[in-house]
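Chains W and D, in that order, are what the protein sequence lines are. When we follow the working numbering, the leftmost residue of the first sequence carries the number 50, and every step to the right adds one. When we follow the working numbering, the leftmost residue of the second sequence carries the number 634, and every step to the right adds one.
Hints in this document: simulated from the structure, not taken from any laboratory. Treat the hints with care, as some may be off.
As the list claims (entries may be wrong) - Below are the DSBU-like pairs computed for lysine-lysine, each with C-alpha atoms no more than 35 Å apart in a straight line:
no.	chain 1	residue 1	chain 2	residue 2
1	D	Lys807	W	Lys188
2	D	Lys825	W	Lys188
3	D	Lys652	D	Lys820
4	D	Lys709	D	Lys862
Residue-level listing of the chains:
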Amino acid sequence: MHMADALLSPVVGGAMWAGTLGTIIYCAKKLKEKMDERMIPLMGVLGAFIFAGQMINFTIPGTGSSGHLGGGMLLAILLGPYAAFLVISSVLIIQALFFADGGLLGLGANIWNLGIYPCFIGYPLIYRMLVRGAKSDKKIMLASLISVVAGLQLGAFSVILETKLSGITELPFSAFVALMQPIHLAIGLVEGFITAGIVIYVRNIRPDIVEDLHGVKVLSSGGSMKKALITLAILAVITGGAFSWFASTYPDGLKWSIEKIYGKPEIPEKVNPVTENLSEIQKKTAILPDYSFPSQGGQEEEKPSWPAVDPGTSLSGLLGGLMVLGLVVIFGLGIKMIRKLGKRHVL
Amino acid sequence: MSFDLEYFNLGYLDTLSYKNTFVHRLDPRIKILVSFTFIFFVVSFPKYELSGLMPFFIYPVFLLTAGDIPLRAIAKKVLFISPFAIFVGIFNPLFDTDVLITIFGIPVSGGWISFISIIVKFILTVSTALLLIAVTSFPGICEALERLKLPGIFVVQLLFLYRYLFVLLEETLKILRAREAKSFGKKGKEVKTFIRIISVLLLRSVDRAERIYRAMLSRGFRGEIRVLKTHRLRLQDVFFAAFSVIIFYIFRNFNLVSFIGENLKSSFR
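One chain only, chain D, in its complex shape:
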């Protein structure tokens, strides 16, 4: 159960997202758009690219440090997942065996380079997604989605989902504890038992939704929920966006890494 607990440790990222730093204060819309631009630039590199990706680490590192987010919180989550990327990527070294470069006399095949490139891209994109939520609260994201013109119904039920997630997770933990207490070893985990347990959870959830709806009606709900808008686009938001995009553009279009590398090499001589 420790894996599940680790996986469902939503609360921690949520707590981090209510800090008050420069990046936390930025408009969520800007953060979403800049993060998307970042990922777009990163995945646009061809499959054998490795060194050109390195400068892009600056964006997650910036969010991490300026947002005062503990490195462990993110690193642990990045390490935890990704079986699919590895599963698909690990075949590259098997099928693509042409030697592309030789580093200090060791021949390296194209497959290994593209595999490592997949892993680096994976770390960059995944850590950015996690950091985005760590420096932007979930209600902030929802506010941004609504202001980016996503349908109101969609945003409102997304907010509902998030709010009741924690309630239902606690209820489920109680159910799981009861199951542990009443069964030994593998018993209690049969599909038949599982179906009954989860059906009861479903029935309880539907009951809860009905109670919530009645409570909403009694508080004057008329089919519309307004999302709290707390952010306004300020000069620093625009500045941050423009600056980031320019930097990504430079990193993508000018080969800084080999420029630095050439200079280093010649200075060694």
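Chain W extracted, bound-state conformation:
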């Protein structure tokens, strides 16, 4: 369920990056406050473990197809929310760079979808609440199942929202939900079962790793729930603010949801001096021509997409496109030639 660059609009991708970067900085600050030096190598090695663990496949019961570990919730249980969020981010960064899973712009959204929910909702609000007090295998199993499923459902729903807000797919919202949520319910059940299995197994051999709240997980103890809630609230406000600001500046990203709410593409206009000024500035500095602000009052018709798609220009578009591709290939071959000649000169 890695989000891809090609499905994101710059606005949504940028907003998700802002939220993710903010959380990374916040988590690093929290970690530094109560720094346990052992954490640094542990975080790095557990991140590598998640990668390596994903190489080991297993047969999904009842289907015959094979699956592998996701690991977000497991990291949260082993490391506590702050460290786990940083490790999940790192794993996703390496996946984005080396495997191009998702791409660079989508990375912000991916870290958010796969990191925030297990670390700041699933673990503190569900898992820890359920395994409180005397721990038993049954409790751990139940808590893992519920928290992993909840985290994945929220993540999948975020993917849907991000894709729809970007306005690139035609897939209707309800169909998208009907496709994504059940798949991730199944994935969540398997992942939750495995997470519980690992935690139970490890607890029998090295209880300190999963239980010692004063050692490895000192960070997650004491009022973490309150803090997590506050963090989430702040982040929600920031992200919401960013979204609504962008929404007023760039109509087409949120047009879909606005249409749903108001039944028409524009919000009933209120003249706001700030947005007016912003739109003026934007007109003057527009780098991306199609994201210009429609004139106040919504009088102006939506600009045709650039270049206007109509039969008259499509042939020239096709010819020109092929020509440009040809030029790019020639450019590449040229650089290769220059490189070869350069090497010969060195020799």
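Once you have looked at the hints, place chain D on chain W.
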């Protein structure tokens, strides 16, 4: 297992990243920022845009050729992935059936155009991400992240992760080989067995982290690791950045493709 091996073939991109060419020598910060700008410009095109995206191929092609990266290494990886982009995009032709243009008498619906546009954007952005790491070593990226003011703890554990990735991958390969040797067919891949195997790997990893920590202490670790800074911003870095951004701007704002196309069409007449 061949897919997994292909997928986890990290080492190859890592080897490529230590070449010494013009693009490899550029400041990693510049390369990260220019690549982000590039992706930003590419995804900013509206969903029916196709021809305007073509000139943007010049950036990955430049990184590929000037960085002396084999085309196959990148193309294979681009082809390997992307089920999600295709999964989401393939519905466009089903739901958006208005005929937008007719090419040589064949009507083409808006859905197909937006689907192909998604695929082209996908190829552009994904190949750029792969090429970024192929022309910048991972420690280089980490150095850049630190100098772009990301938190020190984050960067240091990222470096740790990368370093131990290769160690743990080899250990896992040994475990997998043992599993293959001791089981037949589908046996040995049950969830129950999997949980035991991965738990043992986890325990070993934690042990390793503890050993590493003790080794670090004995070498004078006091809770801080300095990231090696090897790059300095030079004139050619600034030049490269400015030149790239100007070119992206021109490609995005001036319709070069239809200009060339119009001229071609009129010269045919």
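Verification of the supplied hints:
1. Taken as a hint, the Lys807 (chain D) and Lys188 (chain W) pair is honoured in the structure, with Cα atoms around 34 Å apart against an allowance of 35 Å.
2. With a C-alpha separation of about 19 Å, the suggested pair Lys825 (chain D) and Lys188 (chain W) falls inside the 35 Å cut-off, and the hint holds.
3. As the CA atoms of Lys652 (chain D) and Lys820 (chain D) are separated by approximately 44 Å, the hinted pair breaks the 35 Å bound.
4. Simply put, Lys709 (chain D) and Lys862 (chain D) have alpha-carbon atoms about 33 Å apart, close enough for the 35 Å limit, and the pair holds.
Violated hints amount to a single one, hint 3; each of the other numbered hints is respected by the structure.
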